[in-house]
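We have chain A; now place chain B onto it with these hints.
There are 2 protein chains.
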Amino acid sequence: MSGETQKERTDATKSTSDKNNENTRADTVIKVKRTIPRKRQDLLKWYGWGYNDSRFSLDQEHARFVGNRYALAGQPLPHLKEWAYENFRLDVNKPPKIPEPPTSFPESRLPGNVKQELEKIAPLSVEGMDRLIRAHGQTLKDISCLRTNSFPRIPDAVIWPESHGQVEQIVQCASRLRFVIIPFGGGTSVSGAITCPENEPRPILVLDTSEMCDILWLDKEQLLARVQAGIVGQDLEREMRARGFTVGHEPDSFEFSTLGGWVATRASGMKKNTYGNIEDLVVQTKTVTPRGVIEKSCRVPRISCGPEWEHVILGSEGCFGVVTEVTLKIRPIPAVTRYGSLVFPDWESGFHFEWEVARQRLQPSSIRLMDNEQFRFGQALKTETSWGGVILDGLKRIYITRIKGFDPTKLCVVTLLMEGTEEQVTEREKKLNSIAAQYGGVPAGAENGERGYTLTFVIAYIRDVGMEYDVVAESFETSVPWDRTLALCRNVKRCIREECEKRKIEHFLVSCRLTQTYDAGCCIYFYFAHNTEQCSDPVATYEEIEEAARNEIIASGGSISHHHGVGKLRKKWYTDTVSEPGRLLLLAAKKALDPDNIFAVGNMVLGDDNEDHEEMSIKSKL
Amino acid sequence: MSGETQKERTDATKSTSDKNNENTRADTVIKVKRTIPRKRQDLLKWYGWGYNDSRFSLDQEHARFVGNRYALAGQPLPHLKEWAYENFRLDVNKPPKIPEPPTSFPESRLPGNVKQELEKIAPLSVEGMDRLIRAHGQTLKDISCLRTNSFPRIPDAVIWPESHGQVEQIVQCASRLRFVIIPFGGGTSVSGAITCPENEPRPILVLDTSEMCDILWLDKEQLLARVQAGIVGQDLEREMRARGFTVGHEPDSFEFSTLGGWVATRASGMKKNTYGNIEDLVVQTKTVTPRGVIEKSCRVPRISCGPEWEHVILGSEGCFGVVTEVTLKIRPIPAVTRYGSLVFPDWESGFHFEWEVARQRLQPSSIRLMDNEQFRFGQALKTETSWGGVILDGLKRIYITRIKGFDPTKLCVVTLLMEGTEEQVTEREKKLNSIAAQYGGVPAGAENGERGYTLTFVIAYIRDVGMEYDVVAESFETSVPWDRTLALCRNVKRCIREECEKRKIEHFLVSCRLTQTYDAGCCIYFYFAHNTEQCSDPVATYEEIEEAARNEIIASGGSISHHHGVGKLRKKWYTDTVSEPGRLLLLAAKKALDPDNIFAVGNMVLGDDNEDHEEMSIKSKL
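Sequence lines, in order, name chains A and B. Under the working numbering, the first residue of the first sequence carries the number 121, and numbering increases by one thereafter. Under the working numbering, the first residue of the second sequence carries the number 121, and numbering increases by one thereafter.
Simulated from the structure, these hints should not be mistaken for lab results. Note that CB positions come from ideal geometry on N, CA and C, so glycine has one too.
When the alpha-carbon atoms are kept at most 27 Å apart in a straight line, the in silico BS3-like pairs for lysine-lysine are as follows: (1) A/K551 with B/K550; (2) A/K551 with B/K551; (3) B/K550 with A/K550.
Covered by chain A, according to a simulated footprint, are these stretches of chain B (three or more residues, beta-carbon under 8 Å): (4) 411–417; (5) 433–441; (6) 599–610; (7) 630–641; (8) 691–705; (9) 711–720.
Next up, chain A with everything else stripped away, as it sits in the complex (with noise of 0.2 Å):
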């Protein structure tokens, strides 16, 4: 073990009386230089996803991607605009609506005295600008009301803590003077779970969690972290990356979302198959509550004692308190990490190859299935200077389409990230395509793949400029037994057809991604957008259907969702997916936690009108 191992590791030897001395000592700390500036509108864009340097352009002579940040970015899209304009009718010689930041606000509604108690704890602002951009997530409304500025609340107060300790102030501090707090990670929850509460008469400050960064201690023999949960992934990556270590949660938010955030909504990793998901990756968590601070008072494996309420702390959507450190695996970093595709000639004979490979348990790092519809947008999205590449894809092309005989308006495509020693990633791959070879699918090269999983970060742009030429996006998924898979995805896709015809809506598209795979079923991810130019209220018309798909997914077999979690968008389905039952331990674990609703933000059935009604209910019989 090297010098800087032995520091940075925590001291076997010492007694578990120094526990809570540990997460703090100063010679374990790794300082973490952030990304994300606390003036988060300077670096990101205030009105939709991501940097401000970067964004899809559509009015020039070629689309492009603006900015140097991503491997697409500076160089010409010349199909893009085809696609779009076959897709959605989308009419680029319209000028881009790109909003103008607002300039005025709703008045902060923090008293003076709570302020002025609140600063001594650590660093407050009551500025319009930092309350409104904490003042939502990535629903299609939140971006809607964001761009037309008309949020019904906004938080009346940002707080930067920057330890568990200043948390703890702040909580005690709402506890005794009566606000409401809604912890903010990276603001990037599509499911409402941030909205602040319209009709709360309480002041609500954000308690935003990004100073909280910090690694508190490496300990590379144990593979162990314990990090701030404020942290973003991809700060958090960088640093262990920079030391050997992997964390290897990979969720498509991963630039901006925090481990905190991971936590709350138990957040899912492209790569899960090596590092699993947020759950299987935690070890410890410390989540400071209006009752106490609730944390496992040792840092085992695994415990029988009792019901594991560290699985109500994951999930719990800010409504408990909020996540101040956690305890992580890490993985050392493969020695070798390879990309690569697969192409079959239809949805089916590439579902049942990843049936069967989970069947096998041979999934690698990740391993995805794309629609017709994903691979030719994949195609639209080629570039210029991948000319070379493009020849190379049409000999593939002829290959696939003529000598295969495959059809170009039907194939899918699966990619690969298989990481391992050389060995094991050599003899993964050796039998994937083998495995493939049964279902009818031929490999397409490491490059689909490797293009693939880089476009996860840029697609996230897309909406944004969609929505400059009045066509709306946007994504859903849920999880689903194997066999009701491939049923779920057709009567999905049908439903939206449908629902887009009764309202008249020519121009859409609607297409989904087997995305993660278990040994009882799968992830999919649904998109849908299309042109709005028809409806009066677009976003009201995108809710309704989206609404409709969700009840088609529900009545598949499918979940209220795989990852994103409740929040107030799927609070519909709630009670019946968890039980009654499962919705009085809600009722119930909030009330323990949080009596006076501190945490106030009314995700789940939380806040709802009937849970007072049925509180009553349950008193009476008690």
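Below, chain B alone, put in the same frame as chain A:
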């Protein structure tokens, strides 16, 4: 797919509205012929562990294991008496104390009208022996009370429902007629979890789940089975194997413990590296609580729907309701099962081997490290008929102790159980041998490995023979981070030695085994036995020493329990482990699901005096 397969699997095309019906559709049900009859005492020892016809016997020329159920059975064990004398001064010339079955029992307090109502639902018994043998698990105290017929309280009746519906009726009946229900599975708990609350004024009904033992459906395509929760491990596994599958969950109590018990205690099996612990195996659970049935509405592999309430049922220890049905993962029987063993010069080198294997995530289905005391105990269980084996062993011993210079009073053994294809198993074995070599380990053959695993079930019988000769024995386990493990084992052994010295106990044995490995730590099993001739109250003495050992475990960074649970034995450490908000969550969950305390078994901190007190303080703060 064969015709049988088609018949047995769920019809994938039917809609979710059939969900409730699908579990009882007669054409999918596999009726299981169960091993353990309603009159358990006809087959199982009423005063100790296991089958009536199977026990260690020392009152013959050669010790032997009586019966014909186990590999070891019927053969002379020529070294065992010597071992028992050396370690415990066990005097085989004394007559063994085998208790007579009791003839008098506390009268049943079940009122006639309640008895009548219950008999309409399912078979019921108020016979003394039926009630006595369901008053206990398998702690030392339980067995001691049994042998002396001195339980302060036993159940007033036993009922055997055979379906979820009947359980619902019984629970409704309990709410109406005010009696207490204690769910009883296999009676193998070692936590006092089913001990009747002594001061409970209401009648106590044991709900014996053993007639709920059918497989409701088996889905060979999706590798899932829906099983009634009263099935015992051996019946479940036998039925699965007959159809080409395995569940792979093998706790040491596997012959007698039930699926529902596994869920209620958060059980772990010895092959968890391949099959997972119970929380990994379970896809869906169905539990009857006094406030209704708790069950997720969809059979999905993973979900983000707020807190995961299934993790409150896992570990509920009978306090919230009765688990009636479980959907479990199954796997095809592996092509190859191979045992292996490795000998290391000492505990530390064996330990570092285990840790390195975990670090590289190369664990086979099972990998266990025995300390030198256990190695020697294993040697003491060698049979005469294995003289051939002993000679071979002798050669190996020369190799190990002479050529390699291993000290026979220090060496330790790792046993391996590898499963997979021939190629996978061979590859794995090669890698494990190569890592072992780095830590000074040498392969010691498949036979020693297999012997270690098959002895597991026989060793459970050793305590009973000990009690016949005034030796008490018990095991207890913990989970611990890797970096604390060596110190914890050292500290606990020293603690026990000191506690024995304090009490002038000269003849005792303390030993440990590393039974499970994880990314972040492992599970350690301790075995402790002592001669009780110096003790006025042997059970109390044992309990005092175990308590001291548990305090030492906690102080050394270990957990309250890796897989046995809290029950009543480990109440003392509950709140410190889960923190005060965790305790509040427990009380809140109890109140939400069982406000009238029907399931009044009082595990964890439920039913404690301080519970009501704290409930008061909760209320006063609301």
